[in-house]
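Visitor: One-letter residues, chain by chain:
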Amino acid sequence: MLSDTLIKEFQAIVGKDNVLQKEADRQSYAYDAAVLDPVIPLMAVCPSTSEELGKVVHLCHENGIPLTPRGSGTNLSGGTIPEKNGIVVLTNALNKIIEINTQDLYAVVQPGVVTAKFAAEVAKQGLFYPPDPGSMAVSTIGGNVAENAGGLRGLKYGVTKDYVMGVDFFDVTGGLVKSGSRTVKCVTGLNLSGLQVASEGTLGVFNEIVLKLVPPPAANKAMMAVFDDIDKASETVAAIIAAHIVPCTLEILDNSTIKYVEDFTKAGLPTEAQAILLIEVDGHAGQVAEEAEKVIAICKKVGAVTVQAAKDEAQRNKLWEARRAALPALARARPTTVLEDATVPRSQIPSMIRAINDIAQKHRLDVGTFGHAGDGNLHPTILCDKRDTKEFERVEKAVDEIFDVALSLKGTLSGEHGIGLAKSKWLEKETSPATLAYARALKAAVDPKGILNPGKIIGG
Amino acid sequence: MTDLHQLAVMLKQLDDQMVTCMKCGMCQAVCPVFRETLREADVTRGKIALLENLAHEMVADAAGVKEKLNKCLLCGSCQANCPSGVWIIDIFLNARIIVNTYMGLPAAKKVIFKGMLTKPALFNSLLSMGQKFQGIFTSPADDLLGSSCSKIMSPLIGDRHFLPLAKKPFRKLVSTVDTCAGQSGLKVAFFPGCVIDKMLPRVGVAVLEVLMHHSVGIFLPSGQACCGIPAISSGDGESFAKLVELNVKAFAKGDYDYLVTACGTCTATIKEIWPKFLDRFPSDVQSQVRRMADKAMDINQFLVDKVGIDTRPAATGGTRVTYHDSCHLKKSLGVADQPRTLLKANPACNFVEMNEADQCCGNGGTFNLHHYDVSKKIGDRKRENIIASGADVVTAGCPACMMQLTDVLSRYGDHIRVQHPVEIYAQGLN
Numbered sequence: 048m049l050s051d052t053l054i055k056e057f058q059a060i061v062g063k064d065n066v067l068q069k070e071a072d073r074q075s076y077a078y079d080a081a082v083l084d085p086v087i088p089l090m091a092v093c094p095s096t097s098e099e100l101g102k103v104v105h106l107c108h109e110n111g112i113p114l115t116p117r118g119s120g121t122n123l124s125g126g127t128i129p130e131k132n133g134i135v136v137l138t139n140a141l142n143k144i145i146e147i148n149t150q151d152l153y154a155v156v157q158p159g160v161v162t163a164k165f166a167a168e169v170a171k172q173g174l175f176y177p178p179d180p181g182s183m184a185v186s187t188i189g190g191n192v193a194e195n196a197g198g199l200r201g202l203k204y205g206v207t208k209d210y211v212m213g214v215d216f217f218d219v220t221g222g223l224v225k226s227g228s229r230t231v232k233c234v235t236g237l238n239l240s241g242l243q244v245a246s247e248g249t250l251g252v253f254n255e256i257v258l259k260l261v262p263p264p265a266a267n268k269a270m271m272a273v274f275d276d277i278d279k280a281s282e283t284v285a286a287i288i289a290a291h292i293v294p295c296t297l298e299i300l301d302n303s304t305i306k307y308v309e310d311f312t313k314a315g316l317p318t319e320a321q322a323i324l325l326i327e328v329d330g331h332a333g334q335v336a337e338e339a340e341k342v343i344a345i346c347k348k349v350g351a352v353t354v355q356a357a358k359d360e361a362q363r364n365k366l367w368e369a370r371r372a373a374l375p376a377l378a379r380a381r382p383t384t385v386l387e388d389a390t391v392p393r394s395q396i397p398s399m400i401r402a403i404n405d406i407a408q409k410h411r412l413d414v415g416t417f418g419h420a421g422d423g424n425l426h427p428t429i430l431c432d433k434r435d436t437k438e439f440e441r442v443e444k445a446v447d448e449i450f451d452v453a454l455s456l457k458g459t460l461s462g463e464h465g466i467g468l469a470k471s472k473w474l475e476k477e478t479s480p481a482t483l484a485y486a487r488a489l490k491a492a493v494d495p496k497g498i499l500n501p502g503k504i505i506g507g
Numbered sequence: 005m006t007d008l009h010q011l012a013v014m015l016k017q018l019d020d021q022m023v024t025c026m027k028c029g030m031c032q033a034v035c036p037v038f039r040e041t042l043r044e045a046d047v048t049r050g051k052i053a054l055l056e057n058l059a060h061e062m063v064a065d066a067a068g069v070k071e072k073l074n075k076c077l078l079c080g081s082c083q084a085n086c087p088s089g090v091w092i093i094d095i096f097l098n099a100r101i102i103v104n105t106y107m108g109l110p111a112a113k114k115v116i117f118k119g120m121l122t123k124p125a126l127f128n129s130l131l132s133m134g135q136k137f138q139g140i141f142t143s144p145a146d147d148l149l150g151s152s153c154s155k156i157m158s159p160l161i162g163d164r165h166f167l168p169l170a171k172k173p174f175r176k177l178v179s180t181v182d183t184c185a186g187q188s189g190l191k192v193a194f195f196p197g198c199v200i201d202k203m204l205p206r207v208g209v210a211v212l213e214v215l216m217h218h219s220v221g222i223f224l225p226s227g228q229a230c231c232g233i234p235a236i237s238s239g240d241g242e243s244f245a246k247l248v249e250l251n252v253k254a255f256a257k258g259d260y261d262y263l264v265t266a267c268g269t270c271t272a273t274i275k276e277i278w279p280k281f282l283d284r285f286p287s288d289v290q291s292q293v294r295r296m297a298d299k300a301m302d303i304n305q306f307l308v309d310k311v312g313i314d315t316r317p318a319a320t321g322g323t324r325v326t327y328h329d330s331c332h333l334k335k336s337l338g339v340a341d342q343p344r345t346l347l348k349a350n351p352a353c354n355f356v357e358m359n360e361a362d363q364c365c366g367n368g369g370t371f372n373l374h375h376y377d378v379s380k381k382i383g384d385r386k387r388e389n390i391i392a393s394g395a396d397v398v399t400a401g402c403p404a405c406m407m408q409l410t411d412v413l414s415r416y417g418d419h420i421r422v423q424h425p426v427e428i429y430a431q432g433l434n
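Here the protein sequences line up with chains Z and P, keeping their order. For this note's numbering, add 47 to where a residue sits in the first sequence, where the first one is 1. For this note's numbering, add 4 to where a residue sits in the second sequence, where the first one is 1.
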C-alpha cells in the first residue's frame, strides 16, 4: 500500500483525475497481450506533460517504488505486466507529434503516439515511416522502440531500431538524458539511444523520440505463389534473394494455417497446398514491373503450383486477405492463442516448420505457422484452452522445445515480440553467462534500486 | 462475500465466451469512449478482464465493475473489429442482466421500465400529458432543428438541446393501417419505434409516403411496444421479455414479407438481440420471435434491395446533404450503401461524404444520460466532421443518432438540419 501522503504527492504532480487507484482501474492494468498471469499494480498514473513524467519518475525513485511504463499494452512477452508493489505509468496522454520535418526527413514524437496514426500523418506529408508491427493500429511508438518492434516490411526496410535517430529519456532519478540527434550522422557520446531500443523500459523512461523518415515507394506489385512442398517455397525465397531482389514483404503460410484461413474465409485457398508465399515488390514503376516478372519466373522455375499477380489495388487487397486473415482465423479456432516468434536464418525455415509440426504432434497440439519468410521470423501459433491445465502444460513444454530447435538452427528466441517476463529464463541459453552478467551490471549501475520495470529481460 | 460468490457463479456462465478474448487490445483502435478517456477500463479488453475477475472472485468492489460495464455505448465497433471474433455484445448484455440481478436496478429505471415502458397505453398517455406541459420548463433553441433547451436548472436535462415531444405522436396521426400489396407485390409490417412515435413523427409519415409511392402494402398494428433495447442494455431482462411479448402479440395477426423500421437500433435489436434471448419465452412465442427477427429489415435496405429505386446521375448543385453511419446500421446490420443510394436518388440533393462517417455519434441510448460529458466530446468530434463537409443537412438512419446530432448542432447554433434519409428520398418523390 502506498501512504496517503505519497498518493497526494502523485496527485499534486499529475492531477487527481490522473491517479487511478480504484480496484477496477488497477485490475485493468494488470495484464498485456501475453498469455501470462496478471499482476495488479498499486495504482496507475497518467502524466500529460514531459515535466509531469520526469517528476513521477523522480518520486518513484525517491520512494523506491517500482514503475512499469505502459502504452497500449499490446506486448506479447509480458513486458508491460507490472510489479506487485509497483505502479504503472501510462504514456497514452503523451501523444503529441511534435514535428514532422519534410526537409530533413525526421519526426519528433512523444512516446504515447499511436504508430498507425503517426504513419498516416507522415504519409499526409508525402513521406513514409515503414515499421508496421501487427498491432500498429493501437501500439505506441514508445512501446515499439522499447520492444524494437518489427513487422512485415522488415526484410527490405528494417525494423524500428533502423528508424530511431535519437531518444530523450528520463534516468531513474528523473534527470533528462539527451541522446542522438536530428542529423543523419552523429557520433557524439555513447550511443545511448541504441541502448534504449529494445530495453523494455528497464533502463530509462522515454520522453521524446526522433524518428527517421524516408520517401515512399512510387509503385508496388503483390503476388501469391502456391507450393505443394515447403522446401520449394523456401528455395524460392532463397532464389529471389540470390537474384538480388529484395521484396518489401515476403510472407509464408504453412499448410495448417492455410486450412484454418480457408475454413474461416471460404476464399477458395488450396487446402492441400503445403505453403503459400505472398510476395510484394515496391519502388519505381519500371523497377517494380521488372522485378515482379523475375519473381514470377523464379516461382515457376522452382516449382510453384500456381502464381498469381495482382493487376490492381482491388486484386492486391484480395491476395493479402489470406495473410490478414491468418491470425483471426487461428485465434477463432480455440479459446487461447499462444503466439510465438522464434526466428531462424531464412534458409532454415523448412527445418523449423517441420520441427514445429513434429513438436505439435508429439504434444498433441494444434499449431499453425505463418510469418515473415524473408527474414526468417516465424509465428508458430499454438491453439489451446488455458483453462485445461494439462493441455497448457503440454503447450509450455512445446514452447520450450520450439526455442531449443530455433537455437540449434542458429536462430534467436524472439524476432520482434521481446523477451519480457515470458522468455527471460532462456536468455542465458542463447547468449552466455557473461552476457547476462554484463547486462545486469549495466542495469544495476543506472538503476541501483532496481525500480525500472523490474524482472524484464534479465530477470531479477 | 456469499453474495459475491453467487454473482461469480452467474458470471461463470459467460466464461466460455469471455475466455476467447486474447487481450490483444485491438479494440482500443475503434472504441469511441476510449478515444476520449484513454482509460483501459473503458475499453472492451478492460471490461472483459474485469468481468473475468469478478467471475473468478478476484474483485471485491462489484459496484466499481458495474460502473465500468455501463460506460459503454454498445455501438459494436469493437465486435466488428475483433480479431478473435469475441461475442462482445452478448457478453455485455448478459453481464448487465447478471450484475443487475445481483445489485438491482436504479430506482428511476425501475419506475420507467417496469412501471411505464412495459405498459404502452399508460406510457403513451403520460407522455401525452408531458407534451402539454413541456413548454413551461423548456424553451425553443433552434427553429431549424426544432430543438429545445431547459429554462431552469435541471439535473436530468442539463445543458442538452433535445428534441421536444411531438404535439401529435405518430401513432395519434396514424393509428392503424392494413393495406394489400400493390404493384410491388410486397407487403411490410411497419415498426415505428419510440423515438419516431414520440419525437419524430415526420419520419414515420415519410416512411408511409414512400411505401405507398412504391405500392407496398402496409401493416401497422396497434398495441406495439418499445423494442426493448433500453431495458436489456440496462440489465432488465424481465421488462425486455415483456416488451418483446407485447410486440409479438401486436404483429401476430399480420401477414407480411418484411418487418421494416426506420430505426437502426430497433432493427438491430429485433434482428440480432431478440433471438439471443429465446430461452426467456414460452415455446409458442419463440417461433413468433424468430419469425419477426427473420423478417426485420431496415427501411433503407428494403427500398434499395427489395423494392428497387430509380438511380440518377449524381447531382452537383442543390442542397448539400451528408450521411452519418449509425453504428447499429453499419456495424451490426451491414447497411451502409443503401441510405446513400436513397439520398443520391433525390435530384435536389447534392450528396457529400464526411470524414469518419462511420464513427459513433456518442449517443448510445442511456449512455448519453449517464456519461453526458464523454457523450458530448464524442459528439463534438462528429460535429467537426459534419461542419468540414460543408453540408446543409446531415442525415442518419437511426432516430437516436438524430437526437444526438440535433443536440450537438443546436448547442453550437450551427443551423444544420438533421433528417432521416427516407425523408430526403420522400421529398424527391414529390
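Be aware that one or more of the hints could be misleading.
[To be verified] No farther apart than 30 angstroms at their CA atoms in a straight line, the calculated lysine-lysine pairs in the BS3-like style are these: (1) Z/LYS69 x P/LYS280; (2) P/LYS380 x Z/LYS63; (3) Z/LYS164 x Z/LYS143.
Please keep in mind that the hints were generated in silico from the structure rather than gathered at the bench.
Visitor: Hey, Z/LYS69 versus P/LYS280, does the alpha-carbon distance stay inside 30 angstroms?
Guide: Violated. Z/LYS69 to P/LYS280 sits at ~33 angstroms, over the 30 angstroms cutoff.
Visitor: Does the structure keep P/LYS380 and Z/LYS63 at a Cα separation of 30 angstroms or less?
Guide: 22 angstroms, holds
Visitor: Below or equal to 30 angstroms on CA atoms is what counts here, so check Z/LYS164 against Z/LYS143.
Guide: Given pair Z/LYS164, Z/LYS143 holds - Cα atoms ~11 angstroms apart, limit 30 angstroms.
The structure is inconsistent with hint 1 alone, although it conforms to all the rest.
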